[in-house]
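A.B. asks: Read top to bottom, the protein sequences are chains A and B. In short: position in the first sequence from 1, add 459, done, that's our numbering. In short: position in the second sequence from 1, add 459, done, that's our numbering.
Everything hinted at is true.
Identical chains blur together in the list; that is why a pair holds if it fits in one copy or across any two.
Taking lysine to any residue and the SDA-like style, the derived pairs with C-alpha atoms no more than 25 angstroms apart in a straight line are:
no., residue 1, residue 2
1, LYS718, ARG777
2, LYS841, THR548
3, LYS718, GLY779
4, LYS718, SER813
5, LYS718, ARG775
6, LYS648, GLU808
7, LYS751, LEU675
8, LYS718, GLY776
9, LYS718, GLU812
Source of the hints: derived by calculation from the structure; they are not laboratory data. Since this is a predicted model, take the numbers as computed values, not measurements.
2 protein chains.
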Amino acid sequence: MRNTNQHTGTPYAATGAWLQGHEVGHRSFFTFAIQRPFTLDSGASLRDVTLVYETWGTLNEDQSNAILICHAWTGDSHVAGEAEQGHPTPGWWEGVVGPGQAVDTNKYFVVCSNVLGGCQGSTGPTSPHPDDGAPYALRFPAVTIRDMVRAQAWLADSLGINTWHSVIGGSMGGMQVLEWAITYPLRVKSIVPIATCIESSAQQIAWGAIGRRALLMDPLWNNGDYYSAAPDQGPWHGLAIARMIAQVTFRTDNRFNEKFGRELCDTNFHSDGVDLFDRFEVENYLDYHGDKLIRRFDANSYLYIGKAMDLHDVGRGRGGVSRAMSRITVPTLTIGIDSDILYPAYQQELLHESVRQNHPLTRYVQISSPEGHDGFLIETAKISTEISNFLFALEEASS
Amino acid sequence: MRNTNQHTGTPYAATGAWLQGHEVGHRSFFTFAIQRPFTLDSGASLRDVTLVYETWGTLNEDQSNAILICHAWTGDSHVAGEAEQGHPTPGWWEGVVGPGQAVDTNKYFVVCSNVLGGCQGSTGPTSPHPDDGAPYALRFPAVTIRDMVRAQAWLADSLGINTWHSVIGGSMGGMQVLEWAITYPLRVKSIVPIATCIESSAQQIAWGAIGRRALLMDPLWNNGDYYSAAPDQGPWHGLAIARMIAQVTFRTDNRFNEKFGRELCDTNFHSDGVDLFDRFEVENYLDYHGDKLIRRFDANSYLYIGKAMDLHDVGRGRGGVSRAMSRITVPTLTIGIDSDILYPAYQQELLHESVRQNHPLTRYVQISSPEGHDGFLIETAKISTEISNFLFALEEASS
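Make the full structure from the sequences, and use the hints.
C.D. replies: Structure (structure tokens):
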């Protein structure tokens, strides 16, 4: 199941990238050559860009069986597989990706890389600045979804993959999917954007921006310079609040009612919970999710990636959304979730409408689920069925 | 239009309250007698409770034309009328309440009091503690919607109003409306709850709790003790963030798209807004609303009133929601707003379903509006029509 990478240590002339691949635990590290700085949408450039990725399955002779999975905001490369060192939880899309699954790793060579700007090994604000070896922190330049995708393209080059059989992802992963198809229309044969959008809406920006404001207010954030602080002296309160806001938008009113209702979370109550600081069970749940995130995610990465999502607009610099979307001519399976309040189904419908004429296999499916936005992670059976059918139709059409 | 209060200075035997009414500017102050402490749901009690209220119109001979308006979270008693000292903006329900309006002040004697726990003159965390004259701050006990309503009942007693012709309010005002009808079924002849709920949902609690967490994180909140700090040294960042969260839930995705879309808010951009700290217009709007609130509202009051809303559950201590709602046998006009994401229309339907058999004039109206929850403040024409029709039907039925 591990990728045996034949390019290790080989300069890859086409992009000037140098793959210094090596494996640590189960992960592979990919480093761009410093000869060609990686220029970002902001105009800034990065040296020594590293992407950490995982692979499953084997790339075939003609490199035609590669599928790229793109992860969401606080996701990572660990799409499938058991918990392991560096991945305290099993793969986030077990049930969709794996041997015999919809994205069948017996058949496809599956790749997922941690995004640029993140904190799971790929270059981001926690990485050492080449000048002084100290973390970039706020010296890290703003990144966009396009920057993430261009970095992935260099990785694809180095893996010898010219064209992806499919690029698949939900939420921010879906934004990358769209940017792949628009930036590199000849390098994708099909795409599956899920619970995402062609441009972030004002409400999405508002939620993201408020979370960032909360994080910035934490005095321990210290203008982004907290890496040398004691472990308990990071901006964890601020990051937790940002996460709590997101967590509510990831779920639904109905689901919260079912799970928590008006249950109080402590048992030793006086006066029926009528105290300013008594808590309901749903607050306990939010605390849990806030606490879980601060143990695994960097606060500055949260800022940078959140901003990248706010900046997501496939039309920027391309003459508008319609012109950008017209570049997508490959089969496109768009999946929306009916209860999603963060990336509402109407956004998937808009996405689909803008490409539906472009290929006969292009289709839209709205999944019925009580899980809200998180349905893209939870409803693996429904999503698998749709992806399976789509990949099968592609195969039929090409045979 | 000003209330000439005939009870000023008269002890009101029925409740043991002493009305020390006097007018400052256009407002009236009402103080409970200290002989009878005001006991709260939490078990704590308050001495020297003050309610500040405004009135419009004239109470008739048989005291049968009194209508109580209940305000929402950061609202106040200034329902109608021009901007004036202490009220920098015109009445928040101009167009619904006034001479010749749906709630016609030529006909009705209209009362609105600032809620207990607030910061507009009624007793709250900013008020002097009777022991030492310093602000209560966190020494203030938790208050509930029922506490607010019981205080209003004492005010009604002192005004000589035994029975309200109607009690009307939206959002937290609607919670008070329900508590009036359930706590004092013989003291209301009709009610109009708007965009509210019979019990706060887990999602509503979540939004409220996250806002409070943000406020508590502000180091200048200082455990609630900021009243002697310099004017710019209050917990304004935290309060603004709490308000921003609320503001998004008050509006809608569609409306935000129409108003702001993806407009950037500054004009001197480099690189298309691709910077961690560049802002979109919607962020500017949120800043504006955060900033506006911190200039007019007390941070601790925001905590206490928010908690009161989370604690809202008409069934608490009454054998459940159904039993509580069965006490409402008066004509009830429930108004929901189709685009409301904070108090979704299904909550108004539940409310209506629980009382619909109880009176033939009881009805439910769902208003179509793009304004979301704030529609209860903005859609004055539509709301006026419904209230007019309802009050007219009551009159017809009783004539």
